[in-house]
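For reference, the chains in residue letters:
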Amino acid sequence: MSKERGFSLIESLLVVVIIGCVVLLLANIPNALMLVSKSRHMSLAKEIAAKQIEDKRTINYPDIGLGSSPISDARLDLLPQGSGTVIIGVENEDTPDPDDWIPCAIDICTNGEAAKQVTVTVNWVDNNKPQTVILKTMIAEGGINQ
Amino acid sequence: MKNEHGQVILILILVMTVALAIGISVIQRSLSDISTATRVEQSSRAFSAAEAGIEKVLSGGGLTVSFEDNSSNATVTQNLQPAVNTGFGFQDPLECPPGKSGLAKEEVAQVWLADPNSAANPPAEYYKGTNLSVFWGDSSASSDDKAALELTLIYHDGTEYKSRKWFLDQQAAVRNPANNFSKVNCTPVTFASSGIKYQCKYVIGGSGDPDGFLPTGLMLLRARLLYNKTSQPFAVRAETNCQDCSIPPQAQELVSEGFSGQSKRTIQVCQISKVVPFYFDYAVFSAGDINK
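First to last, the sequence lines map onto chains A and B.
Residue numbering for the first sequence follows numbering that gives the first Met the number 0, starting at 0 and increasing by one per position.
Residue numbering for the second sequence follows numbering that gives the first Met the number 0, starting at 0 and increasing by one per position.
So here's chain A without its partners, still in its complex pose (with noise of 0.2 angstroms):
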């Protein structure tokens, strides 16, 4: 009867290693939603970009202007804070008004081509951090879909 009182040694180590397991699953498994959340966010930001893309390619290239304007796409509401910016060319360093563009930037058109440089940027917040998914290509006259 005086066995029957108290815990064996196993039994304890066996409650130690059960709230251990049970204490690190619970700690985990938010962070890990978390990191589907955030993985599903990317994704669609990548599929929002890539569009941006897609969509210039379908217009002439002499009617693609120059400079940055914001996306719309319906899609970005589904982005916690979602919004993004189609910049089509680049800012030139070289002339005092910020204003000024040029289609690409000269270290990559080092030839002087008719192409421009197109870069689409998509931010959100994930858990209170900023994140962003940027995608850069060039579109040139005569060039794909052209």
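In case anyone wonders, no lab produced these hints; they're calculated from the structure.
Heads up, some of the hints might be wrong.
Keeping only pairs whose Cα atoms sit at most 27 angstroms apart, straight-line, the calculated DSSO-like set for lysine-lysine is [said to hold, decoys possible]: (1) B:263 with A:55; (2) A:37 with B:182; (3) B:104 with B:182; (4) B:164 with B:263; (5) B:273 with A:55; (6) B:104 with B:127; (7) B:182 with B:196; (8) A:50 with B:263; (9) A:37 with A:128; (10) B:182 with B:164; (11) B:104 with B:263; (12) B:164 with B:200.
Using the hints provided, position chain B relative to the given structure of chain A.
This is chain B only, laid out in the frame that chain A set:
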């Protein structure tokens, strides 16, 4: 009673094991999701870089693009078709249109003999041979599927554009109604390089051609298969073994490989040189203007 206490612990361990397995699988799933999403993003960056590489080459730029601030870059390989013959020796036969298995009935193929990229008018001469081999027909086609060939050679004699025509038919003697095409005696030809077997070969400007040597100022050769029931191949090859007897490249194949992180994406594009529309022949030989 003592034994029953042990059962409680066993059941508890079992329940915990199941819970642990579920928990671990959730964590693993989330980790693999985030890894996949990262790879997909890298893959998109690589694809966009590969597209940029193609665009750059198509607009006359170099063969590499590097967006250093986006950690993506692309390298483009350019293959001309047919490859330029830099020295003496026969050029590989050029199948036309490049990358296509054959011509349907009455479909037109075009071969540039002048430089298709020349800005001059008339375009700069490129092929200066006095004769040219043409191959047509699929020798594995059924015995009643024998194609005839209509050839139009456009050349510039120094003052104006002119044309010369050939109408070649291996079945000219038995066509009903008669077509008055030139009868060609055909023996099948096989090229080891492409493995394609042709029904016929004819050398325009060759010793058997009643029209004699090809003129100078060669511009274009246009070919049309007639009477064929199935799509059949057409090819040309410089017959003379000389340095200026290389047919100019008719197409370029661009293979762009984009890289970002561990991702690599490849885009392949085939650009065919300017093709004169099919109604060109009718415009050349029409009595008056052709209006839309």
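Status of each hint after checking the structure:
For the hint pairing residue 263 of chain B with residue 55 of chain A, the CA-to-CA distance comes to about 23 angstroms; that is within 27 angstroms, so the pair holds. Distance check on the hinted pair: residue 37 of chain A and residue 182 of chain B sit about 73 angstroms apart at the alpha-carbon level, beyond 27 angstroms; violated. Pair hint residue 104 of chain B plus residue 182 of chain B holds up; C-alpha atoms about 19 angstroms apart against a cutoff of 27 angstroms. A C-alpha spacing of about 50 angstroms is found between residue 164 of chain B and residue 263 of chain B, which places the hinted pair above 27 angstroms, so the restraint is violated.
For the proposed pair residue 273 of chain B and residue 55 of chain A, the alpha carbon gap of about 25 angstroms is at most 27 angstroms, so the pair holds. Simply put, residue 104 of chain B and residue 127 of chain B have alpha-carbon atoms about 30 angstroms apart, too far for the 27 angstroms limit, and the pair is violated. Between residue 182 of chain B and residue 196 of chain B the alpha-carbon distance is near 20 angstroms, which keeps this suggested pair within the 27 angstroms criterion. Of the pairs offered as hints, the one joining residue 50 of chain A and residue 263 of chain B holds, with about 20 angstroms between alpha carbons and a cut-off of 27 angstroms not exceeded.
A threshold of 27 angstroms between alpha carbons decides the hint, and for residue 37 of chain A with residue 128 of chain A the separation of about 11 angstroms falls inside it, so the pair holds. A C-alpha spacing of about 15 angstroms is found between residue 182 of chain B and residue 164 of chain B, which places the hinted pair at or below 27 angstroms, so the restraint holds. Our distance criterion of 27 angstroms between C-alpha atoms is broken by residue 104 of chain B and residue 263 of chain B, whose separation comes to about 42 angstroms. Under the criterion of a C-alpha separation no larger than 27 angstroms, the hint pairing residue 164 of chain B with residue 200 of chain B is consistent with the structure, at around 17 angstroms.
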